[in-house]
Amino acid sequence: MRKVALGDRSAFGQLFDRYSQLALNLAARVLNERQEAEDVVQEVFLQVWRDASSYRQERGNVSTWIVAIARSRAIDKLRSRKARRVLDPVGDNEEMQDVAEKLPDPAGRPDNLDNQLLVRKAFGSLAVDQRVAIEMAYYEGMSQSEIAEALREPLGTIKTRIRSGLLKLKQSLSSGAGN
Amino acid sequence: MRHEKLSELCSIYALGALDGEELREFEAHLETGCPLCGQQIQEYSQTVAAIPEALANVRPSADLKDRLMARLGQEGPRGVVDFKLAAKPMSSGSGSKRSWFPWACAVAAGLALTVSLTRVSSLNRGLAEQQEKLNQQLQQLKTLQRLLSDEKEVTQFIAKPGVRVTPLAGTDKSPQAAGQILWSAQEKKALFYASKLPLAPEGKTYQLWIIADNKPIDAGIFPVDTQGNGFLKVPLLAQADKAQKFAVTLEPAGGVPQPTGAMHLLGSL
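Here the protein sequences come in this chain order: A and B. For this note's numbering, add 250 to where a residue sits in the first sequence, where the first one is 1. For this note's numbering, add 708 to where a residue sits in the second sequence, where the first one is 1.
Mixed in with the good hints there might be a few duds.
[To be verified] Using C-beta positions, here's what the derived DEER-type ranges look like:
1. B:Leu835 - A:Ala377: 56 to 64 Å
2. A:Gly374 - B:Glu716: 41 to 49 Å
3. B:Pro869 - A:Ser330: 49 to 57 Å
4. B:Asp774 - A:Glu399: 41 to 49 Å
5. A:Gln297 - B:Glu735: 18 to 26 Å
6. A:Gln421 - B:His737: 19 to 27 Å
7. B:Leu846 - A:Gly406: 16 to 24 Å
8. A:Ala377 - B:Ala736: 30 to 38 Å
9. A:Arg329 - B:Glu837: 35 to 43 Å
10. B:Pro883 - A:Lys371: 14 to 22 Å
[Claimed, not checked] With a Cα cut of at most 16 Å, we get these calculated EDC-like pairs of lysine to aspartate or glutamate:
11. B:Lys841 - A:Asp364
12. B:Lys912 - A:Asp364
13. A:Lys418 - B:Asp774
[Said to hold, decoys possible] Calculated from the model, a selection of chain B residues having no Cβ within reach of chain A, i.e. all distances over 12 Å:
14. Arg775
15. Lys850
16. Gln888
17. Ser892
Everything labelled a hint here was simulated from the structure, so no lab data went into it. Idealized CB from N, CA, C, for every residue including glycine.
All chains should be modelled from the sequences, with the hints used to inform the complete structure.
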C-alpha cells in the first residue's frame with residue numbers, strides 16, 4: 251500500500267489483481283447487474299488510488315478496507331436507482347447464476363476457493379431467518395428497523411436474529427480458520 | 709442504557725444495521741473509548757468483512773483492468789473535452805454562387821481542424837502527463853504528511869512519563885526480524901513497530917499478543933510492507949497492567965481469538 255500511496259502504478263496493478271474479484275463479486279451481488287458492478291469496481295479502485303495515503307493499517311487490513319469501500323459504493327448505487335430486489339440465499343440467485351461462473355483462482359488469491367468454502371460453510375450453519383436478516387443488512391444496506399418493517403416482524407426479533415447469527419458466524423469462522 | 713445492553717449492540721453496529729436513538733446512544737458510548745466495545749466491534753467487523761468471500765466468482769470483462777488503468781491517466785486533465793468544444797463549427801460559405809467554393813472551404817477548414825486537433829491532442833497528452841506527475845507528487849506529499857503526523861505522535865508519546873520500551877527479537881522463524889513496543893499503562897496505549905518480517909502469505913496476517921497472567925490477549929493484526937515493516941497502535945486493556953511478554957504470530961487473515969500459528973517475534977519485560 252505504501253508503494254501505491256507513492257503513486258506506483260505497478261503496485262496498484264498488483265493490488266487490483268489481488269482484490270478486484272472480491273469487489274466485483276460483492277458489487278454484482280448488491281446490484282445484480284454486471285456492467286454496473288464493473289463501474290463500481292472502477293470507482294472503488296480509483297478511490298483506492300486517490301486515498302491510498304490515508305489508508306491506516308491499524309484500522310484493518312487492506313482487504314477489509316477495499317470491501318468496505320465496495321459495499322458502500324454499491325449500496326449507494328443501489329439506493330440511487332431505487333431498485334430493491336427480493337433476497338435469495340447465497341448462491342441461490344438464478345439471475346446471478348447466469349453471470350456467475352466458476353473461474354480458475356484469480357491471480358494473487360490462490361486461497362480464494364478455501365475462503366469461499368469456509369465462509370459458505372459458516373453461512374450454511376445459520377438458520378435461514380438469521381441469514382436473511384444479515385444479508386438484508388449487508389447487501390441491501392437496510393437498517394434493523396427497515397428489515398423489521400419489510401419482514402413484518404418485531405424489531406426485537408430482528409435484533410436477536412442478527413446478533414445470534416453474527417455470533418455464530420464469528421465462532422464458525424474462528425474455529426474453521428484454526429483448523 | 710447499561711453497559712451490558714450497549715455491548716449487545718456491537719455486532720449490529722459492525723453490520724451497519726443499528727439506527728435511531730440506539731445508534732446515537734451507542735456512538736456516544738463509543739466516544740468514551742470503551743475498550744471492551746472497541747474490541748468487540750473490531751472482531752465483528754472482521755466477521756462482517758468475510759461475508760462476501762462466500763460469493764461465487766463473477767467473470768469480469770477482459771478489459772476491466774485496462775479501462776481502469778487508462779482512467780488513472782485521465783484523473784486530472786478534464787480540459788480535454790473543453791478543448792474540443794472550443795473548436796468552432798465551420799461556416800459553410802452558403803452565400804457563394806461558385807459550387808466548388810464551399811467544398812474547397814470545407815476541405816481547407818477540415819484540414820486546418822485536423823492539424824489543430826492533432827496539436828490539441830498533443831497538448832492534452834502533455835497536460836495529462838503533467839497532471840499525473842502532479843497527482844503522484846500530491847500523493848507523496850500526503851504520505852509524507854501522514855508519516856510526519858505518526859512521527860509526531862510517537863515523539864509526544866515517548867515524552868510522556870511512565871512510557872516503557874520493550875524490544876522484541878526475531879524467533880528462529882524470522883531471525884532477522886525485530887520489533888519494539890512502547891507502552892504506557894497510564895495512557896492505556898501502546899505503539900508497536902516491527903521490521904524485516906517476511907511478507908505474510910496470502911490469507912495470513914501477523915497478530916500481536918500481550919501475554920498477561922500467562923494468557924495471551926489479542927492486541928490486533930497488522931500488515932507489513934514489502935520491506936517487512938509493520939506498525940500498530942494498540943489500545944491497552946486493563947489486563948495489560950500485568951503484561952509479562954509481547955509476541956507476534958502468523959495467523960489466518962482477520963486474526964484469531966487465541967494464537968494458533970508460528971511465533972515470529974517475542975519480547976519479555
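ask   = So which hints don't hold here, by number, going up?
value = 2, 7, 10, 11, 13, 14 and 15
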